[in-house]
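Engineer: Each chain is listed here by its residues.
2 protein chains.
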Amino acid sequence: MRVFVDGREGAGIDPADRGLNYGDGLFETLAVRDGRARFLGWHLERLSAGAAQLGIPLPARELLVDEVARAWPQGRGVVRIVVTRGVGGRGYRPPGYPRPLRVVSGWEWPAPDPACWTRGVRLRWCETRLGRNPRLAGIKHLNRLEQVLARAEWDDPEVAEGLMMDDGGRVICATQANLFIVAGGRLVTPAVDACGVAGVMRRAFRAWAEERGEPVVERAVAAGELQEAESLILTNALIGAWPACELDGRRLAVDARTADFNAWLERQ
Amino acid sequence: MRVFVDGREGAGIDPADRGLNYGDGLFETLAVRDGRARFLGWHLERLSAGAAQLGIPLPARELLVDEVARAWPQGRGVVRIVVTRGVGGRGYRPPGYPRPLRVVSGWEWPAPDPACWTRGVRLRWCETRLGRNPRLAGIKHLNRLEQVLARAEWDDPEVAEGLMMDDGGRVICATQANLFIVAGGRLVTPAVDACGVAGVMRRAFRAWAEERGEPVVERAVAAGELQEAESLILTNALIGAWPACELDGRRLAVDARTADFNAWLERQ
Chain A
1 MRVFVDGREG AGIDPADRGL NYGDGLFETL AVRDGRARFL GWHLERLSAG
51 AAQLGIPLPA RELLVDEVAR AWPQGRGVVR IVVTRGVGGR GYRPPGYPRP
101 LRVVSGWEWP APDPACWTRG VRLRWCETRL GRNPRLAGIK HLNRLEQVLA
151 RAEWDDPEVA EGLMMDDGGR VICATQANLF IVAGGRLVTP AVDACGVAGV
201 MRRAFRAWAE ERGEPVVERA VAAGELQEAE SLILTNALIG AWPACELDGR
251 RLAVDARTAD FNAWLERQ
Chain B
1 MRVFVDGREG AGIDPADRGL NYGDGLFETL AVRDGRARFL GWHLERLSAG
51 AAQLGIPLPA RELLVDEVAR AWPQGRGVVR IVVTRGVGGR GYRPPGYPRP
101 LRVVSGWEWP APDPACWTRG VRLRWCETRL GRNPRLAGIK HLNRLEQVLA
151 RAEWDDPEVA EGLMMDDGGR VICATQANLF IVAGGRLVTP AVDACGVAGV
201 MRRAFRAWAE ERGEPVVERA VAAGELQEAE SLILTNALIG AWPACELDGR
251 RLAVDARTAD FNAWLERQ
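Which chain is which? The protein sequence lines are A and B, in order. Count the first sequence with the numbering used here and you get residues 1 to 268, in order. Count the second sequence with the numbering used here and you get residues 1 to 268, in order.
These are calculated hints, taken from the structure and not from any lab test. Bear in mind the structure is a predicted one, so any value in this text is a computation, not a measurement. Among the clues, some could well be false.
[Unchecked claim] Here chain A is said to cover these stretches of chain B; the calculated rule only asks that three of the stretch's residues, wherever they fall, bring their Cβ under 8 Å from a Cβ of chain A: (1) 12 to 24; (2) 103 to 110; (3) 126 to 140; (4) 149 to 159.
We put the beta carbon where it would ideally sit given N, CA and C, even for glycine.
Input sequences plus hints: build the corresponding full structure.
Structural biologist: Shown next, in the form of structure tokens:
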């Protein structure tokens, strides 16, 4: 792993950083293919939207672009960007003139089983739910304990992901992926206006589908609707799209759209 | 500020620490009086409850007790303990055998205006609400963006604190304090079983009141009830108890209990 902390390789983080103390910051996870960070512009756009929502000044774009390239300069890998509000005093009150911290790190490609893309993945329901807060919804902030607890619910390596509901029983996402539901041949994706993350690959999948003349309906989805669905599709920045083959024992059809989308993605 | 990172003074934090990346950890803020951390046992008890809830192994008690004493060895100050799940790979899944990180830091006493304890403090309502999640309620975890956003809502130094509601419109707490409501001469405190923190000073105030034969009712509190209340009292580990003199312009009576409690607290 290669890490740049405010541009300095191998530096540590100040223990008074608000990212550590309050999760007061944002992150992005990018897939690198042939040394090029995929959808870099969209990732930086979401980071920028999150920074505006939290009131964190964003580091210069050129710095981030440069460090992303240096963190994983060639081949296939993963780059993570973290931006926090930086060092602040004790107490929640944000400093009047924050000096944001940026951490850009490069990681090995995790190399999931290729069958995930073709045969599909097994899913389960998580008991841990997502609290609803419109002020934090959609953005990729650093308060991720709900996802951590949800992901800790199972050990079975045969189960790739867990689906999460919000406090009110609506389906929102998987622990590390967005969700598309195929019902009556139509594509639906849960709204992320009260919780959940508006994923970059969710955006890409949706744009791809709409380009093909298939509108995607974004709305509240009740858990019961998944019992009626023909297929489920997971998307995230690293995997692209995975079809689900099973949800807690119920078989699901592998939707042909995923293969088409992933083939398109390879050409991006 | 004096900081011990896993016992080493002045060390930095690993950028891959899960505390930084996901807020995957806990903290405590302790008042030090005459070189002694007040209610240390209760703070460590809550830390331990939080660690059990999140599945984080707690560092040895002797290490924490020793570092608390070294972080602020004499006089009046503040000690902060942070415990995270430590370094973990990318992704939410907790490592099977986590090696927790501990950060113990000593800070100057913030020295609020003495009138806060006697004349009382002005309060406001915050617009930022608290998402409900029973799995994270009561404990003092590191996911504190809601409090950060709430505290960023006002600049007026004359307003000491802001009250927060949950997603459903129940009153829960102030941004950095618990709340007691005096209504019909009786003490009520909001339940913290879906969000909010079960404060150590909340525990102390409640134990003190009950010792005097005054039961405290813990229950869901509707925002409207605060319009009927005679008095409001804030508690936290540093301030003890502050009476409120005003909420968004409405005058409140300074409750005599706060002075009695703070006098008792001085003798602890």
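Engineer: Please go over all the hints and tell whether each is borne out by the structure.
Structural biologist: Against the structure, the hints:
Here's how the segment 12 to 24 of chain B fares: 13 of its residues keep a CB closer than 8 Å to some CB of chain A, so the rule of at least three is met and the hint holds. Residues of the segment 103 to 110 of chain B with a Cβ under 8 Å from some Cβ of chain A number 4, which satisfies the need for three, so the listed coverage holds. Here's how the segment 126 to 140 of chain B fares: 8 of its residues keep a CB closer than 8 Å to some CB of chain A, so the rule of at least three is met and the hint holds. Figure legend: the segment 149 to 159 of chain B, annotated as covered by chain A; annotation consistent (4 residues with Cβ-Cβ distances under 8 Å, at least 3 required).
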